[in-house]
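Q: If you read the sequences in order, they're chains B and D. For the first sequence, the numbering used here begins at 1 and goes up steadily by one. For the second sequence, the numbering used here begins at 1 and goes up steadily by one.
What the hints contain is simulated information worked out from the structure, not anything from laboratory work. Hints are supplied without guarantee of correctness; some may be wrong.
Claimed, not checked - One-sided excerpt, in silico: chain B residues whose CB lies under 7 Å from chain D:
id, residue
1, I28
2, G34
3, F47
4, L51
5, A68
6, G73
7, R92
8, R112
9, I125
10, A134
This structure is a prediction, so every number in the text was calculated from the model and none was measured. Every residue gets a Cβ at the ideal spot worked out from N, C-alpha and C, and that includes glycine.
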Amino acid sequence: MLEAAAGGALIGLAAVALYATLGRIAGISGIAYGAVSGQEGSWRWPFLAGLIGAGWLLAALGRPLAPAPEFSGTNGFAVLLIGAVLVGVGTRLGNGCTSGHGVCGLSRLSVRSLVSVIVFMALGIVSATFIRGALL
Amino acid sequence: MSPVARGAVAGFCGLLFGVGLVLSGMASPQKVLAFLTIGPGWDPTLMVVMASALAVSLPGFWWVRRRGRPFLATQLAEPPSQRIDVPLVAGAALFGLGWGLVGYCPGPAVVAAGFGQQSALLLVGVMLLSATALQWLRR
Chain B
1 MLEAAAGGAL
11 IGLAAVALYA
21 TLGRIAGISG
31 IAYGAVSGQE
41 GSWRWPFLAG
51 LIGAGWLLAA
61 LGRPLAPAPE
71 FSGTNGFAVL
81 LIGAVLVGVG
91 TRLGNGCTSG
101 HGVCGLSRLS
111 VRSLVSVIVF
121 MALGIVSATF
131 IRGALL
Chain D
1 MSPVARGAVA
11 GFCGLLFGVG
21 LVLSGMASPQ
31 KVLAFLTIGP
41 GWDPTLMVVM
51 ASALAVSLPG
61 FWWVRRRGRP
71 FLATQLAEPP
81 SQRIDVPLVA
91 GAALFGLGWG
101 LVGYCPGPAV
111 VAAGFGQQSA
121 LLLVGVMLLS
131 ATALQWLRR
C-alpha cells in the first residue's frame, strides 16, 4: 500500500509539474491522440517517450513490468479487440480518461470531469464484475 | 522556450508519471481489474492511488491556477467545453466498459506497449485506429 500511495503521489506530482511548467494537461488519451494527429508534437512525443522510458528505467533498477495478462483463445482475443475499440472510441468521444478527467479534471474542480469519472468508474465496475467473466 | 527544452521538460514529466504508474501497480491490468471486479479478492489499491494522486494534484493545481499562468509557457490549457453533454457521458460509458474488459486505460497501455508486451501493442494500435476513425466519422 505504501508503494501505491507513493506511486499515486508521483502521478499527482507529474500532473502538477506538466501543468505548472507548460500549462498542459497530463491526460494520456489526449496526449496520444494529439501526437498521432500531428498537433504540437514538441511536447507530446517527449512526454510519451518519458512515460515509456519509465518502464525501462524501473526494469533496469530491478522492478520490471509485471507480465501482461493472458488474452488467450478466440474469446480472449475478441475481448482484447472489443476492449481496445471501446477505450479508443470512448476516450476520444468523452475527451479524456483516468488521468485526464480523473486526476487533472478533478484537480481543476471540473464538474464535467466528475461526471465522466463517476460514469466510467461505474461502467468499469459493471463491465469487470459481470461482463468480463461472462465473455472469457 | 526552445522545442528541445520544452521536450526535455515534457519528457521529465512523462517519466515521473510513468514511474508513478508502475510503482503504484496501476500499470498492471490485473491489479486494476482486482479493483473493478467486486467480489472475493477485491483490491482497493486503485482507490488508494487515486486518493494519493489527488492529495498532491488538488493543492498543486489550485496553486498554479491561482498564479494564473505556467512558469515556462504563456497560458494554462483550458477544457474545450464546460457542458455536460451526450458525447461526454456516452464516451465515459464506452471507455468504462472497455476498461473493465481489459484492465487497460491509455496510460498503462502505452507503458506496456513501450515495454514490448504484445497484447498492449495490439491494444494501443487498435485504440488509436478507433479514435482516429471516430474523428474521421465526425467530420
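Q: So, for every hint listed, does it hold in this structure?
A: Structure-based check of all given hints:
no.: 1; hint: I28; result: holds, 4 Å
no.: 2; hint: G34; result: violated, 11 Å
no.: 3; hint: F47; result: holds, 4 Å
no.: 4; hint: L51; result: holds, 4 Å
no.: 5; hint: A68; result: holds, 4 Å
no.: 6; hint: G73; result: violated, 13 Å
no.: 7; hint: R92; result: holds, 4 Å
no.: 8; hint: R112; result: holds, 6 Å
no.: 9; hint: I125; result: holds, 5 Å
no.: 10; hint: A134; result: violated, 11 Å
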